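The primary structure of each chain is shown beneath.
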Amino acid sequence: MLNVEKIVVSYGNIKAVHGVSLTVNDGEFVVLIGNNGAGKTSTLKAICGVNPPSGGKVNLNGEDITGKPSHKIAAKRVALVPEGRRVFAGMTVRENLDMGAFLRRDKGGIEKDRETVYELFPVLRERFRQPAGTLSGGEQQMLAIGRALMAQPKYLLLDEPSLGLAPIMVENIFEKIIQINRQGISLLMVEQNAFLALSVANRGYVMDSGEIVLTGTAQELLENDMVKRVYLGMDETEEIPI
Amino acid sequence: MSKNRLIQYVLLVIILVTVPQFIKNDYALHLLIMVATYGILVLGLEIILGQTGLFSLGHAAFFGMGAYTSALLVMRLGVPIWLGIILAVLASGILGFLLGFPTLRLRGDYLAIATLGFGEIFGLILVNWDSLTHGPMGIPGIVRPQIFGVVFDKHMYLYLVIALFILSLAVAFRISNSFLGRAFRAVRDDEDAAEFLGIHISKYKIIAFVIGGMFAGLAGGFYAHYVTFISPDSFSYEDSETLLAMVFLGGAGTVVGPVVGAVVLVLLPEILSFMVQWRMLVVGVIMVLVMIFRPQGLMGGGMRFLKRKKELATMAEKD
Chain A
1 MLNVEKIVVS YGNIKAVHGV SLTVNDGEFV VLIGNNGAGK TSTLKAICGV
51 NPPSGGKVNL NGEDITGKPS HKIAAKRVAL VPEGRRVFAG MTVRENLDMG
101 AFLRRDKGGI EKDRETVYEL FPVLRERFRQ PAGTLSGGEQ QMLAIGRALM
151 AQPKYLLLDE PSLGLAPIMV ENIFEKIIQI NRQGISLLMV EQNAFLALSV
201 ANRGYVMDSG EIVLTGTAQE LLENDMVKRV YLGMDETEEI PI
Chain B
243 MSKNRLIQYV LLVIILVTVP QFIKNDYALH LLIMVATYGI LVLGLEIILG
293 QTGLFSLGHA AFFGMGAYTS ALLVMRLGVP IWLGIILAVL ASGILGFLLG
343 FPTLRLRGDY LAIATLGFGE IFGLILVNWD SLTHGPMGIP GIVRPQIFGV
393 VFDKHMYLYL VIALFILSLA VAFRISNSFL GRAFRAVRDD EDAAEFLGIH
443 ISKYKIIAFV IGGMFAGLAG GFYAHYVTFI SPDSFSYEDS ETLLAMVFLG
493 GAGTVVGPVV GAVVLVLLPE ILSFMVQWRM LVVGVIMVLV MIFRPQGLMG
543 GGMRFLKRKK ELATMAEKD
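Protein sequence lines, in the order shown, are assigned to chains A and B.
Just so we're aligned, residue 1 is where the first sequence starts under our numbering, counting upward by one.
Just so we're aligned, residue 243 is where the second sequence starts under our numbering, counting upward by one.
To be clear, the hints were calculated from the coordinates, so they are not data collected in a lab.
Please read these numbers as outputs of a predicted model, since none were measured by experiment.
Hints may contain errors.
[To be verified] With a straight-line cut-off of 20 Å between C-alpha atoms, the simulated DMTMM-like cross-links for lysine to aspartate or glutamate are: (1) A:Lys72 with B:Glu362; (2) A:Lys72 with B:Asp481; (3) A:Lys107 with A:Glu95; (4) A:Lys154 with A:Glu220; (5) A:Lys76 with A:Glu5; (6) A:Lys76 with B:Asp481; (7) A:Lys68 with B:Glu433; (8) A:Lys228 with A:Asp208.
Produce the entire structure from the sequences given, and follow the hints as far as they go.
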């Protein structure tokens with residue numbers, strides 16, 4: 001279980017996240033939705049040690065991992081698919097995947113997992129010798145997810161996987177994300193596309209101005225009036241109060 | 243290794259062993275020795291700059307550290323030359339650690355300036371620590387190596403430096419193809435992404451500086467006992483700059499590229515020497531042209547790295 005307790009994230013004097021608590025149970029698919037600048041990415045970065053929180057706690061299966069450097073958190077099988085994909089542009093697709101398995105020494109297992117990733121994203125197999133920088137945005141997103149999977153994560157954190165992708169590609173990638181969750185990997189996904197996120201997840205948290213303002217099962221949130229109005233834009237007669 | 247490859251290597255060794263025998267001209271031998279020395283030096287910078295992407299403007303300091311370490315140990319303490327060169331390698335490696343550690347958090351331009359300062363400090367120490375280094379006068383009369391009582395002549399120096407160069411090249415290739423090389427390139431392409439994947443980037447940056455320093459230390463140790471006179475002038479900022487130019491001209495990140503760069507930049511000014519005062523101008527023009535028409539360097543490959551930097555820059559702007 002990944003448990004975040006009242007974390008605070010500040011950049012200098014500016015507080016981006018004030019006291020956010022959330023939980024990801026084993027096997028669960030949790031989404032964190034909210035507008036631009038709500039503090040979603042900051043929360044994710046605090047969990048995986050990129051910007052250590054200035055207050056609060058992050059617990060992984062009862063172990064306190066607050067403020068540990070990201071490479072140590074990665075070793076605890078928490079993988080991040082960062083915003084903007086961040087593949088190693090100069091390396092080939094296959095090298096990128098191997099980088100995901102950097103901490104592993106079991107050659108046979110790595111080989112097997114690479115096959116699994118190729119089965120999940122066949123286009124990566126076709127392009128395995130191509131430099132990652134030459135892939136399309138969607139393919140790079142697939143590669144970023146595949147690379148994270150190569151670390152055999154128990155918890156996969158996804159930051160805006162739909163960002164900048166064509167709708168059909170987004171649909172394709174979300175289908176794969178559901179498949180990954182079905183394999184028993186717990187997911188915490190940050191997403192601006194609230195409708196899409198809630199339609200695939202088990203549970204959700206809604207963030208606004210650095211705080212969690214609402215939480216519930218995905219179904220509950222989809223039916224919630226405030227969510228409908230603000231994030232799903234379902235009532236066009238009313239102005240968005242932000 | 244395939245059979246063809248093996249034959250290629252054997253042929254290469256035969257050429258390298260026999261060809262020098264036919265070179266009788268001292269000047270030509272000297273140039274070849276300098277090409278190989280610079281070859282070893284740039285292999286070190288290639289690991290730091292080409293593979294790991296750490297912009298270092300102080301590589302000459304590692305070269306100087308190696309040269310001074312071996313020269314002083316041999317001259318003052320009577321250490322055997324071979325041991326002196328080995329200790330030079332270690333000393334430069336330690337210097338690499340001393341540079342890498344405090345500059346860990348620096349990236350890009352900031353790191354470049356810090357390494358520039360580091361090189362300057364090293365030069366100033368050489369000039370001002372009179373009692374140890376003889377100051378700006380340098381150290382003359384450094385002992386030449388001997389083998390079975392025979393003092394090294396130019397041919398023997400050439401064979402020695404070729405052996406050291408081949409050893410360095412093999413080590414550089416081995417590193418580039420190992421998990422170390424992969425970690426270096428991951429740090430170069432995207433530090434943050436590397437960190438998420440469990441790569442302890444600080445550790446690998448320091449390792450890059452240590453290994454790069456050791457290559458330079460080897461070149462320096464050899465150089466001191468070859469030219470038999472060293473002074474702070476031989477390890478100045480200009481030399482760091484030349485090394486940098488060799489790496490980019492040949493192709494950063496390709497291992498072989500920087501060596502090609504070293505060959506070109508050592509030999510070109512000599513080949514053009516008939517032009518007297520115009521030759522450095524011609525060298526400059528050639529470098530500008532290469533950078534315009536082949537920004538990835540003569541041996542290619544580095545392009546992706548530069549492009550990636552550009553991409554990152556535009557991404558940062560968007561943020």
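To see whether the hints hold, each was checked on the structure:
1. A:Lys72 with B:Glu362: violated (36 Å)
2. A:Lys72 with B:Asp481: Violated - the C-alpha atoms of aspartate 481 of chain B and lysine 72 of chain A are around 40 Å apart, more than 20 Å.
3. A:Lys107 with A:Glu95: holds (14 Å)
4. A:Lys154 with A:Glu220: violated (26 Å)
5. A:Lys76 with A:Glu5: holds (19 Å)
6. A:Lys76 with B:Asp481: violated (45 Å)
7. A:Lys68 with B:Glu433: holds (17 Å)
8. A:Lys228 with A:Asp208: holds (15 Å)
Going through the hint list in order, the structure does not satisfy hints 1, 2, 4 and 6.
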